[in-house]
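**Student:** The hints should help you fit chain B onto chain A, whose structure is shown.
2 protein chains.
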Amino acid sequence: MAKFRHEVIAAVLRVAPGRERLQVLTWRRTREPFTGELALPSGPVDAGETMDAALERHLATKLDLTDLGHCEQLVTLSDPERDPFERTIATAYVGLVGPDVEPGAGSAGQWVPLARLGQMAFDHRRIVDEALDRVRAKMSYTNIAYALAPVEFTLAQLRDLYIDVLGYEVDATNLGRVLSRRGQIIATGRLTTPGVGGGRPARTYRFRSSRYCVTDPFAVLRPVNPANSTK
Amino acid sequence: MAKFRHEVIAAVLRVAPGRERLQVLTWRRTREPFTGELALPSGPVDAGETMDAALERHLATKLDLTDLGHCEQLVTLSDPERDPFERTIATAYVGLVGPDVEPGAGSAGQWVPLARLGQMAFDHRRIVDEALDRVRAKMSYTNIAYALAPVEFTLAQLRDLYIDVLGYEVDATNLGRVLSRRGQIIATGRLTTPGVGGGRPARTYRFRSSRYCVTDPFAVLRPVNPANSTK
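Protein chains in written order, with this note's numbering: chain A, 1 to 231; chain B, 232 to 462.
Bound-form chain A, shown alone (with noise of 0.2 Å):
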């Protein structure tokens, strides 16, 4: 009976503050193979453990990351090339996390936009493109941004970050009416303190839940009547 070793890779994603917002958190590749190239964090399934529990036992140790916002698995991958050095069944996940999360200060991690993200080892390059699809269509029917936003935003700020990861432009009106009807945001009652620009206060919002839910789950095609529902 054939054996594998299985392991486990983090696609984490965050939209920074600054330029070349969306960023995908990597480290450079010191030993064979794909020496010098970028890679996404990984490691092996030991005996007894969940992948789940591989995922975050490598974040914590090797990145000093324990903080996920909101993580799940994106695809298992089993191609027998995929490691030249030995057969290994991987399985990705995608993981988000807040403008300001940042990897230990002695480890190998490092932010890279998505924008100036080239080849990466093996098939981590695949890997980031499928995570980037997943979340942008899961922007639109479930709340996932809330683990990408700050705990406070205005609806300028949120707009940008939907522009940011879904690379189209956005309306703030817009987003926000939608948000609001779905129950995902709520006014916190406060104003923004006018910047150096002198602009006028603006409302902030935070998101009503941390908890990941699928908002809109029939978004064409919606039941006629819940109440006649045959579920």
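Any given hint could be a false lead.
Unchecked claim - FRET-style restraints, in silico, Cβ to Cβ:
#1 A:110 x B:337: 51 to 59 Å
#2 A:134 x B:411: 40 to 48 Å
#3 B:331 x A:18: 56 to 64 Å
#4 A:190 x B:349: 30 to 38 Å
#5 B:398 x A:209: 36 to 44 Å
Stated by the list, open to error - To list a few chain B residues with every Cβ distance to chain A over 12 Å, as calculated:
#6 236
#7 297
#8 307
#9 311
#10 336
#11 381
#12 424
It should be emphasised that the hints constitute simulated quantities derived from the structure, not laboratory data. Keep in mind that this is a model prediction, so the values were computed, not measured. We put the beta carbon where it would ideally sit given N, CA and C, even for glycine.
**Tutor:** Quick look at chain B alone, frame taken from chain A:
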């Protein structure tokens, strides 16, 4: 370095003619563990094989099933206790077939209506539930229904298929309008021949493509104007 047996598991669904139409393909176990209980088709991955190839091989050799209309990875399960005999990591798939697809006559495969499905061996019941959740969600923003539908159908028949999968009422006229607008279905130009009941002949339709695609990626948060996309 820990090594693991890796298996693939398939939750194959169809919407059959008649009653209790939404069904999953199972077989009844004749050996320990879980003797006598229903299980999903499954089998180990071989040394030089991808998971996709292993799945194809097991479905073909055990159930004579070679024509999945759609097949995608669902989830990978790694609980150390999930197989009481041997630590096994399993990757589950969801497969969809047309209404008349049957497992090989000599095989142990049997269709079981989801409405009557109880406990199953291992964690297979959980896999069926996740498979159904996945398909329900994708009925809304992809063309995945092509894999369950007959080649040619009336809007009333298509509505019934959606109702069977989604579990709630769907309006035929609205469904036809949405799927036509997206270019998913097209009229064949033919009419049904009147049935025994003597109803009016109805227009028939077919899915335009049997290639899976996301038809409505941002169902709610559409681009304001695709021409302005910064993607």
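**Student:** Does the no-contact call for residue 424 of chain B survive, Cβ to all of chain A over 12 Å?
**Tutor:** Holds, because the least Cβ-Cβ distance between residue 424 of chain B and chain A comes to about 30 Å, which exceeds 12 Å.
**Student:** Beyond 12 Å from chain A, beta-carbon-wise, is residue 311 of chain B?
**Tutor:** Per Cβ check, residue 311 of chain B is inside 12 Å of chain A; nearest 5 Å; violated.
**Student:** Please settle this one: residue 297 of chain B was flagged as non-interface, so is its CB more than 12 Å from every CB on chain A?
**Tutor:** holds (21 Å)
**Student:** Per the stated criterion, does the least C-beta distance between residue 236 of chain B and chain A lie above 12 Å, as a non-interface residue requires?
**Tutor:** At about 6 Å from chain A, residue 236 of chain B fails to clear the 12 Å cut-off, so the statement is violated.
**Student:** Does the Cβ-Cβ separation between residue 134 of chain A and residue 411 of chain B fall within 40 to 48 Å?
**Tutor:** violated (29 Å)
**Student:** Given a hinted range of 51 to 59 Å, is it respected by the beta-carbon distance of residue 110 of chain A and residue 337 of chain B?
**Tutor:** holds (58 Å)
**Student:** According to the definition I'm using, a residue is off the interface if its beta carbon is farther than 12 Å from all beta carbons of the partner; does residue 336 of chain B meet that for chain A?
**Tutor:** holds (30 Å)
**Student:** For the range 36 to 44 Å, tell me whether the beta carbons of residue 398 of chain B and residue 209 of chain A fit it or not.
**Tutor:** violated (26 Å)
**Student:** Honestly, do residue 190 of chain A and residue 349 of chain B meet the 30 to 38 Å range at C-beta?
**Tutor:** violated (53 Å)
**Student:** Lying within 56 to 64 Å: is that true of the beta-carbon distance residue 331 of chain B to residue 18 of chain A?
**Tutor:** For residue 18 of chain A against residue 331 of chain B, whose Cβ atoms are near 58 Å apart, the range 56 to 64 Å holds.
**Student:** Confirm or reject: residue 381 of chain B is not an interface residue toward chain A, with every Cβ-Cβ distance exceeding 12 Å.
**Tutor:** Given that every Cβ of chain A is farther than 12 Å from that of residue 381 of chain B, nearest at about 20 Å, it holds.
**Student:** A cut-off of 12 Å on Cβ-Cβ distance, and residue 307 of chain B was said to be off the interface with chain A. Does that hold?
**Tutor:** Per Cβ check, residue 307 of chain B is inside 12 Å of chain A; nearest 4 Å; violated.
Consistency with the previously given hints fails for numbers 2, 4, 5, 6, 8 and 9, ordered from lowest to highest.
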